[in-house]
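Protein chains: 2
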Amino acid sequence: MEYLELLLKGLVVLFPIAFCCMLITYKWSFRKIEKEPTKVLVTGAAGMLAQYDILLAFPGQIGYAILPMIARGVMLGPDQPVTLHLFDNIKQADEALNGIKMELIDAAFPLLKGVIATTDIVEACKDVNIAVMLGGFPRKEGMERTDMMSKNVSMYMAQALALGKHAAADCKVLVFAKPSNTNALILKEFAPSISEKNITCLTRLDHNRALSQIAKRLKVHASDVKNIIIWGNHSSTHYPDVNHATFTTKDGERLVREHVADDHWLKTEFIKTVQHRGLAIIKARKASSALSAASAACDHIRDWVFGTPKGTWVSMGVCSDGSYGIEPGLIYSFPVRCENGKWSIVQGLKIDEFSRAKMDATAKELIEEASFAKSCLNEQ
Amino acid sequence: MEYLELLLKGLVVLFPIAFCCMLITYKWSFRKIEKEPTKVLVTGAAGMLAQYDILLAFPGQIGYAILPMIARGVMLGPDQPVTLHLFDNIKQADEALNGIKMELIDAAFPLLKGVIATTDIVEACKDVNIAVMLGGFPRKEGMERTDMMSKNVSMYMAQALALGKHAAADCKVLVFAKPSNTNALILKEFAPSISEKNITCLTRLDHNRALSQIAKRLKVHASDVKNIIIWGNHSSTHYPDVNHATFTTKDGERLVREHVADDHWLKTEFIKTVQHRGLAIIKARKASSALSAASAACDHIRDWVFGTPKGTWVSMGVCSDGSYGIEPGLIYSFPVRCENGKWSIVQGLKIDEFSRAKMDATAKELIEEASFAKSCLNEQ
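Chains as they are written, first to last, in my numbering: chain R, 1 to 380; chain H, 1 to 380.
Certain hints may be false.
[What the hints assert, rightly or not] In the DSBU-like style, the derived pairs of lysine-lysine whose C-alpha atoms are separated by at most 35 Å in a straight line are:
no., chain 1, residue 1, chain 2, residue 2
1, R, K101, H, K151
2, R, K35, H, K216
3, H, K358, R, K101
4, R, K267, H, K283
5, H, K272, R, K113
6, R, K91, H, K216
7, R, K250, R, K310
8, R, K101, H, K310
9, H, K219, R, K101
10, R, K35, H, K250
11, R, K283, H, K151
12, H, K216, R, K126
13, R, K286, R, K140
14, H, K101, R, K310
15, H, K91, R, K219
16, R, K91, R, K140
17, R, K9, R, K197
18, H, K113, R, K342
19, R, K286, H, K151
20, R, K272, H, K267
21, R, K9, H, K272
22, R, K151, H, K101
23, R, K216, H, K35
24, H, K283, H, K272
25, R, K35, H, K219
26, H, K310, H, K286
27, H, K272, R, K101
28, R, K151, H, K283
29, R, K91, H, K283
30, H, K35, R, K310
31, H, K126, R, K101
32, R, K91, H, K140
33, H, K197, H, K151
34, R, K165, H, K374
35, H, K35, R, K358
36, H, K151, R, K113
37, H, K267, R, K113
[Said to hold, decoys possible] What follows is a list of derived Cβ distance ranges for each label pair:
no., chain 1, residue 1, chain 2, residue 2, range
38, H, R254, R, E34, 16 to 26 Å
39, H, K267, R, G142, 35 to 45 Å
40, R, T249, H, G114, 13 to 23 Å
Treat the hints as calculated values from the structure; they're not laboratory data. Don't be surprised by glycine CBs; every beta carbon is placed ideally from N, CA and C.
Working from the sequences, and respecting the hints, build out all of it.
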């Protein structure tokens, strides 16, 4: 009885303490902490270069679309203040950049702590933690391929030097401007001080497009589909692979392949639709994708920084380590999991013959693009 | 001693129960509930009408800017699913609307449960809970004022009839297309089934611009400034009033007027900068404000639905009840507080002579605009 009483007394003392601790933890977890602003660079922010691309009827739409998303916390979370660095490397962009800055200020975004609008690459890169590279020279009709590649090579060489010298040591870089994998490759070569693990290119747009097409086919919501893979180049040779994809039903996870009976559709129409979705958008809008591209870029960075949800992966163009037989050093889109701000390529996925051929074809295009870029480099 | 033991035992029994209850409540408050999607109509979504306005170099930018914001939860919160109804009333807009729909689907927004893209006003208005009216005929250079007003009158008459008949009974309407106050007035006249309390026009953009200008002057962040007022018409006659505005310092709230010593600046340059900010943006961007306008429209609806923070008000164009001597029935921008999805005009603010004159001047413009709209109506 004495022991029982002691036990009871012990409990009486411990419970209030536990109770108070819980309350304090609860309160504490909701307190307001003012975090340091993250500096986010967006190149090609005014989109002045797009004037070289006759397909882009409205210049600068991706930059214009992504800036309010970043300022609203879509990219880095609703409690992360940001400073935006807007850069465009044409002197005439000054006024347009300033106009965008005025609008960003006018919107009175609570998270936006500052805006730098500049055509000086050194000022633009200063201490940035995230760099979203939208600036580039897409190939316009009638433009020589060499001309296009030379322009990109020299632009990305200059920007790599500035980033390597002035950005934060752990700056995360996302290249979106086409040819994005090869632009990222040039950036990697000329910014050796930035870890190659921190240089990526965007294939999340293709990834999201593939999710949406499968969701439409299965009559489910896109957020119920996961683990699609985009392999390779962010060009029309990329390969959207659904062999490992699943979707959520009331009865749990199901393999997409087991529910889309039409293998022919998956191997032909589905792949073509995803590969040529960009052109279909241009045909309908008379302007290239901006809203969906900007949204995908936010998804890419957010998952990279905060991690992919448990049991899922996403597609990112990253430096190959030789996984799945892809030439090491190439910037190639793989399935990746992210954790603690780092990505790692998902290993051990079974690759069938059909996939192998598609993966090799897009790798081949990338190898050829890389060697072409190098030849343009040597001429400079 | 017996009593003490009883008390101890009682506590031992009660604490675990309390503990479990807390845990359950905590878990429960974080459980996932799938809410019903809110149906949001956006008119002028493809912006085809903007072709009539030579100032708008890039058509449809506000629609294009606001759609991803709504789909990301900026307007209605991060846990509120939405269905988007995109409408444009030019048949040729079909393809462009479809292009935007494709992009919205491609972005795989988790909250976006459906997209309807249509040029049929009845289908567009069906059961909508929120209507954002971007479609309108701005006056282009060389256009007759009567021509501009007649086009708007007949458009808003038709849309009012459709909204009145097909929208949800408690549909909240926000008119943004210029002349926005008068367009809202026409809508109110021809949609008697929609409560006049549910018809508003946007002056939040002017409000946010005024906040930012004061913040810049005081070297504080825009979110630290509050209780500015935009009085009157969403035109260059609106009056940004800082007489009751405060800003947050380390030592508490301070009156803006007491810290901006330069009364002349407040009465001249400040007012002019806010009134003509739209033109300054057009001059810099070669396109009218879209990003900041879309963001302000989200702010307007969000505060209306979820309430203004305690102790603060915002500016909204609402139906005058005669407050501050403004002609009842006019759609006029007032300081409003929102609670439980309803706005109410802030009462009892002291109005000095300078303010009175400015408030009356913008009211006079609105009265004249309303009577002009009615004359256009009679001719139809």
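Any of the earlier hints contradicted here, and which numbers? 4, 17, 20, 21, 26, 31, 34, 35, 36, 39
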